[in-house]
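**Student:** Respectively, the protein sequence lines represent chains A and B. Here the first sequence is numbered in this note's numbering, starting from 8 and rising by one per residue. Here the second sequence is numbered in this note's numbering, starting from 505 and rising by one per residue.
There may be inaccurate statements among the hints.
As the list claims (entries may be wrong) - Ranges between beta-carbon positions, derived for each pair:
1. 13(A) x 556(B): 54 to 64 Å
2. 553(B) x 83(A): 22 to 32 Å
3. 86(A) x 556(B): 17 to 27 Å
4. 79(A) x 631(B): 19 to 29 Å
5. 41(A) x 726(B): 23 to 33 Å
6. 601(B) x 12(A): 46 to 56 Å
7. 667(B) x 93(A): 49 to 59 Å
8. 583(B) x 83(A): 46 to 56 Å
9. 41(A) x 556(B): 48 to 58 Å
10. 83(A) x 732(B): 49 to 59 Å
11. 731(B) x 10(A): 17 to 27 Å
Rather than coming from a laboratory, the hints here were simulated on the basis of the structure. For every residue, glycine included, the Cβ atom is placed at its ideal position computed from N, Cα and C.
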Amino acid sequence: MTSNPETMCCAEFQAQLPDLIASGAEAAAHPHLKSCEACRGLLADLETVAEAARRLFPGVEPPEQVWEQIESAIEKEEREKDGKAGREGAAFLTKS
Amino acid sequence: MQNSPSPAQTPNRMRSIGGADSSSAGPANRSAGPVAVIAANGAITDVLARAQAGDHEAFAQLYSLHKRRIYSLCLRMVGNAAAAEDLTQEAFLQLHRKIATFRGDSAFSTWLHRLAINVVLMQLRKKGLLLSSLDEAMEPSGDNGPGRSFGAPDLSLAGAIERLALERAIAELPAGYRLIFVLHDVEGFEHNEIAAMLDCSIGNSKSQLHKARLKLRDALRMKSRQEARS
Chain A
8 MTSNPETMCC AEFQAQLPDL IASGAEAAAH PHLKSCEACR GLLADLETVA EAARRLFPGV
68 EPPEQVWEQI ESAIEKEERE KDGKAGREGA AFLTKS
Chain B
505 MQNSPSPAQT PNRMRSIGGA DSSSAGPANR SAGPVAVIAA NGAITDVLAR AQAGDHEAFA
565 QLYSLHKRRI YSLCLRMVGN AAAAEDLTQE AFLQLHRKIA TFRGDSAFST WLHRLAINVV
625 LMQLRKKGLL LSSLDEAMEP SGDNGPGRSF GAPDLSLAGA IERLALERAI AELPAGYRLI
685 FVLHDVEGFE HNEIAAMLDC SIGNSKSQLH KARLKLRDAL RMKSRQEARS
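With the hints as constraints, model all of the structure from the sequences given.
**Tutor:** Set out below in structure tokens:
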């Protein structure tokens, strides 16, 4: 086993691959790939997957009713909060 | 809430910038130019401050800006539109309850995603679809990830991957892999942001993303092979 980029084996290269890709460096220029068709294919496939994923953005819009439900749930929570505050206020005034 | 506008009425100026991050360029601002980003961030800061002060119209604008990403994340995580709608509703209700506590330590979209992810993970746990922690979900038992890729590539993913095929393959990923893949490769978050959202290390995020991509590659290659045979 060696960490020399020129002579490293596939296992070493693939162990470094997550960091290599995440670093933003030109992974395709790595010396190991000059002589390794399998790892070249792997890198190309991973780039194809990542590129295809980017095209899935921004995704799907939720139906309008989701906002309506959020609004009514917020209203309900606020009414309950106001009601509770009102009851507490009344209890305080009764005590004093 | 009677005076709140429908989110559909939110000005295009607000909707066109998507990410709404007040403190970073953020993934959803990736297509905007620098001037647009600065102007947009100023507007977003104002909307956020008003929403924090209890302004319902501003909250509706925040919903409009983030609904698509949050809903899509929920949908990809649970694979069911009705459940995704419920989770989106719960995430924004949580946001409404907690928005005053947002201090700007991270980008708002990162903070909101963290909140939504917690809602999703809680639901997955309730349904027994997730093990007790995300760490376990990220290291699925009985399936320690994709195999190594030594040997000659018998079939590469030449050309574009069909959207539907990719969506299906993503849906079949274990929850932990799926979450990180969607956050990074689809949503465009950086590893440091994902690490903050999921309480994991940056190294863990990188490693899980790599495994997720390898699993997707395996699944898509297998599909190509099956199609080639038939």
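**Student:** Run every hint past the structure and note whether it holds.
**Tutor:** Against the structure, the hints come out as follows:
Distance hint for residue 13(A) and residue 556(B): a CB-CB separation of about 56 Å, consistent with the stated range 54 to 64 Å. For residue 553(B) paired with residue 83(A), a C-beta distance near 25 Å keeps the hint of 22 to 32 Å intact. The hint said 17 to 27 Å for the Cβ distance between residue 86(A) and residue 556(B), and at roughly 21 Å that hint holds. Look at residue 79(A) against residue 631(B): about 25 Å separates their beta carbons, and that is inside 19 to 29 Å.
Checked against the given bound of 23 to 33 Å, the beta carbons of residue 41(A) and residue 726(B), roughly 29 Å apart, stay inside it. The given range of 46 to 56 Å is respected by residue 601(B) and residue 12(A), whose C-beta atoms sit roughly 52 Å from each other. In this structure the hint that residue 667(B) and residue 93(A) lie 49 to 59 Å apart at CB holds, the actual value being about 53 Å. Taking the beta carbon of each, residue 583(B) and residue 83(A) are about 29 Å apart, not inside 46 to 56 Å as hinted.
One distance hint, 48 to 58 Å for the beta-carbon pair residue 41(A) and residue 556(B), holds here, with the actual separation near 55 Å. Between residue 83(A) and residue 732(B), the C-beta spacing of about 56 Å keeps the proposed range 49 to 59 Å intact. Residue 731(B) and residue 10(A) have their C-beta atoms about 40 Å apart, which leaves the hinted 17 to 27 Å range violated.
Figure legend: structure checked against the earlier numbered hints; hints not met, in rising order: 8 and 11.
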